[in-house]
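Make a model of the complete structure from these sequences and hints.
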Amino acid sequence: MIHMLDIAFSDASLPASGTIAILAVSGGAPAGALATLDAAVGGALTRAAKATGFGFDAAKTCVVLAPGAGYDRVILVGLGAVDALDGTVAEQAGVAAARALSDAGTSGVVVADGIAPDLTAHVALGVVLGSYRFDSYRTQPRKGDAGPLTAVTVACADPAAAQAAWQPLSAVARGVFLCRDLVSEPANMLRPPEFEQRILALRDLGVEVEVLDRDAMHKLGFGALLGVAQGSDAPPRTVIMRWNGGTDGTAPVAFVGKGVTFDSGGISIKPAAGMDEMKTDMAGAAAVVGTMAALAGRKAKVNAVGVVGLVENMLSGNAQRPGDVVRTAAGQTVEVLNTDAEGRLVLADVLWYTQDRFKPRIMVNLATLTGAIVVSLGVERAGLFSNNDGLAGHLAATGEQTGEKLWRMPMDASYLELLRSDIADLKNIGGRPGGSITAAKFLECFVNDVPWAHLDIAGTAFTSKATSHAPRGATGFGVRLLDRMVGTYYEG
Numbered sequence: 001m002i003h004m005l006d007i008a009f010s011d012a013s014l015p016a017s018g019t020i021a022i023l024a025v026s027g028g029a030p031a032g033a034l035a036t037l038d039a040a041v042g043g044a045l046t047r048a049a050k051a052t053g054f055g056f057d058a059a060k061t062c063v064v065l066a067p068g069a070g071y072d073r074v075i076l077v078g079l080g081a082v083d084a085l086d087g088t089v090a091e092q093a094g095v096a097a098a099r100a101l102s103d104a105g106t107s108g109v110v111v112a113d114g115i116a117p118d119l120t121a122h123v124a125l126g127v128v129l130g131s132y133r134f135d136s137y138r139t140q141p142r143k144g145d146a147g148p149l150t151a152v153t154v155a156c157a158d159p160a161a162a163q164a165a166w167q168p169l170s171a172v173a174r175g176v177f178l179c180r181d182l183v184s185e186p187a188n189m190l191r192p193p194e195f196e197q198r199i200l201a202l203r204d205l206g207v208e209v210e211v212l213d214r215d216a217m218h219k220l221g222f223g224a225l226l227g228v229a230q231g232s233d234a235p236p237r238t239v240i241m242r243w244n245g246g247t248d249g250t251a252p253v254a255f256v257g258k259g260v261t262f263d264s265g266g267i268s269i270k271p272a273a274g275m276d277e278m279k280t281d282m283a284g285a286a287a288v289v290g291t292m293a294a295l296a297g298r299k300a301k302v303n304a305v306g307v308v309g310l311v312e313n314m315l316s317g318n319a320q321r322p323g324d325v326v327r328t329a330a331g332q333t334v335e336v337l338n339t340d341a342e343g344r345l346v347l348a349d350v351l352w353y354t355q356d357r358f359k360p361r362i363m364v365n366l367a368t369l370t371g372a373i374v375v376s377l378g379v380e381r382a383g384l385f386s387n388n389d390g391l392a393g394h395l396a397a398t399g400e401q402t403g404e405k406l407w408r409m410p411m412d413a414s415y416l417e418l419l420r421s422d423i424a425d426l427k428n429i430g431g432r433p434g435g436s437i438t439a440a441k442f443l444e445c446f447v448n449d450v451p452w453a454h455l456d457i458a459g460t461a462f463t464s465k466a467t468s469h470a471p472r473g474a475t476g477f478g479v480r481l482l483d484r485m486v487g488t489y490y491e492g
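Numbering (this note's numbering), first residue to last: 1 to 492.
Here are the simulated DSSO-like pairs of lysine-lysine, each with C-alpha atoms no more than 27 angstroms apart in a straight line:
| no. | residue 1 | residue 2 |
| --- | --- | --- |
| 1 | K465 | K60 |
| 2 | K405 | K60 |
| 3 | K299 | K405 |
The following label-pair restraints were derived from C-beta to C-beta distances:
| no. | residue 1 | residue 2 | range |
| --- | --- | --- | --- |
| 4 | P193 | Q401 | 32 to 40 angstroms |
| 5 | R321 | K465 | 35 to 43 angstroms |
| 6 | D204 | G27 | 46 to 54 angstroms |
| 7 | G42 | V374 | 48 to 56 angstroms |
| 8 | K465 | D204 | 28 to 36 angstroms |
| 9 | L315 | T250 | 42 to 50 angstroms |
| 10 | N318 | S421 | 22 to 30 angstroms |
| 11 | P235 | Q140 | 29 to 37 angstroms |
| 12 | D204 | D412 | 42 to 50 angstroms |
These aren't lab readings, by the way, just hints derived from the structure by calculation. Note that CB positions come from ideal geometry on N, CA and C, so glycine has one too.
Here it is as structure tokens:
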């Protein structure tokens, strides 16, 4: 169950007491609520900002304790230069405000007077995203923990317009929370059948959900996916989600996700250190589920399909062996030289099935696919691979707008030669050089001529420290990106 704080909008008059967070741009004299309150406390706010070198830079905060006039504290939140203020900056300011309020142990009021209603809604989105916590398995609060934020009021010039702009964004926030919740779950609580049950709940939003079990996948020839799953006693699933918000007969946009609910590496077992993080190897599938929830929640005028392959990659007497050969749904054979390169095997069958059955306008897959992409790009950007310049451009531009940034990687035909097998059509690894690229070239063999993009989110799906958009832990990367891209380029 998603626990999201309540957002309310009120007029820009200042509350009489408590804790408030005031958003303001840099440069120029204080205006609006900031000027009013600063005058009431004898200039204490501007003096504090100057003394700390605050400067109202974007997403920066300055906490002024007990400045008088009945307030416990005032939190100044920077919006940066007015000519650079956009939805992303507004969201980051909202995140900063939420964190400061949480640190203060109070819900409080966020004052956003002088900001356009659409940007005010993005402030609210940031407040919500910044308030996220995953406390499902905590029975005792941490020492000094004031608990989660439960309600925040955003004071603004036009509450009704801000509320209207907030409605679709609230659906996006719920999609992000759903994605983060799924990625945060321990692997023993989210095996493929349980993941299936979580997805079935999307029916409440009007999403059609269809499930392929092991027998159905066997009949469809999913030899690559089933080979990965054969070492686990948890039955695999492929789950299809359909949102039909567009014109009847219009080809859908399609999203495909890797859902390895735990990746031991199989016989090519991973080192013990850090293996616990392999519960997050289903983050691509989680992003697809979150995106479908967002589109349905805001009643997007688009036909969309989400397909996720859910498996565990485990060791047993029946586990897949290095050197095995499997036959994919496309009919191509693959020599499995490394059982830890399993995500591409799962996606091979699911990508082929998606393009063959649904004939989509575009197809985007997300996967925590390779450590090599982290070596290449670190944790700041996800890798973007595509066979279509138009789609790649849409994704890259949207990533810059949302802060879920991408970097396009090469897809030269010569990389495919590294995947030629001596005994089968392909092998599932091409060696260390260009590892993220050869993985993408492998996937490209299963998409036909559909405009397609692969997002390798291995470095961005989970973070060890809080970022401008996400707390420590699961980030929900991909949901805001894909929802915004659909709304900008493919909806209507």
